[in-house]
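Chains F and X are the protein sequences, given in the same order.
Per our numbering, the very first residue in the first sequence carries number 376; after that it's consecutive.
Per our numbering, the very first residue in the second sequence carries number -1; after that it's consecutive.
Everything labelled a hint here was simulated from the structure, so no lab data went into it.
Please read all numbers here as calculations on a predicted model, not as lab measurements.
Check each hint, because a few of them may be wrong.
[What the hints assert, rightly or not] Some chain X residues close to chain F (C-beta under 8 Å, calculated; not the full set):
#1 T77
#2 H108
#3 R109
#4 I111
By construction, the Cβ of each residue, glycine as well, lies at the ideal position given by its N, Cα and C atoms.
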Amino acid sequence: MTGARCAEPIEFEALVAYWVGELPSAAEAPIEEHLFGCAHCTRRVEELAALAHGIRAVVRRGAVQAVITPPFLEFMKQQGMRIREYRLAPGERVACTIRTDDDAVVSRMQVALAGVKRVDALHSLDLGDGHQRQWRVEDLPFDPSTGEVLALPSAQELRKLPAHIFRVRLVATDESGERTLGEYTFAHTPG
Amino acid sequence: MTLERLRDGRLREPERIVSFVLGMCRLVVLEIRRGSWRREKLLATWGDAAEAVEDSAVLGLDADKLAACLEALAERERTVVVMTFFAEKSGDEVASELGLTAGNVRVIRHRAIARLRGCMGGGAS
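This is chain F alone, in the form it adopts within the complex:
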């Protein structure tokens, strides 16, 4: 078995599908057979393994922010992660923090999503020093049936921040324009 380039390398997407176990066994077998004899493609699986391992590690260390789903949040808990949750209705304000023994903080913004095609978030960060930073996050992933948007901020970044006010305005956007779905205020104090 040499490291020579493979004449017919398996598509990386097929390796990903194989990795997450979404292929029927009839499709897995030829991939496995190929991998058994191909150092080139096996190295690409190793690259995939390193990527997966790295992503698990950086998420667990709180180095990544993402919009997540309720089942994903449950999975994090099942893995032993200590999660501090804040559930807010539209218009609500919550006093929040992140403690040293928290692995992550998740905000659960309750919102009516029926019929909504696209959701953007308008963020505003006020550090109390006279400067406000505002930015827009476009096209959040969401499942309308859940009636909430779950945001997982980077715990590492959150720990660096002093006391601040963070506001989120969720807006529905479509061809006719945009309308506010809800505003949520997080009054953060360091843990």
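Got chain F; can you put chain X on it based on the hints?
Positioned in the frame of chain F, the structure of chain X alone reads:
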């Protein structure tokens, strides 16, 4: 399947059994790596010193760079990638949780992984 063929004497190139065994060893190692979650948790709880070493490199990947590359993805892409690799969810599972079609999720996943590999300095097919 290969083992069954070997048992039945139907393996086309029996001399490749050495490659087969080596390949299987590699896959076993990969499985061990995939199952390294428990070890990671133990390290997170007890292994401050070891954690400091691993912070800079995760199986050869620069963790800070990987986090930056994830941050550079579009919101949907990041969610799909994290759900795929952190929770090892299939395209169908991700789709059902995000109210999308499985095909749509695979397109997002494909694009996101390509961008991630490109950002990390890999990406050759």
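How the hints compare with the structure:
no.	hint	verdict
1	T77	holds, 5 Å
2	H108	holds, 5 Å
3	R109	violated, 10 Å
4	I111	holds, 6 Å
The structure is inconsistent with hint 3 alone, although it conforms to all the rest.
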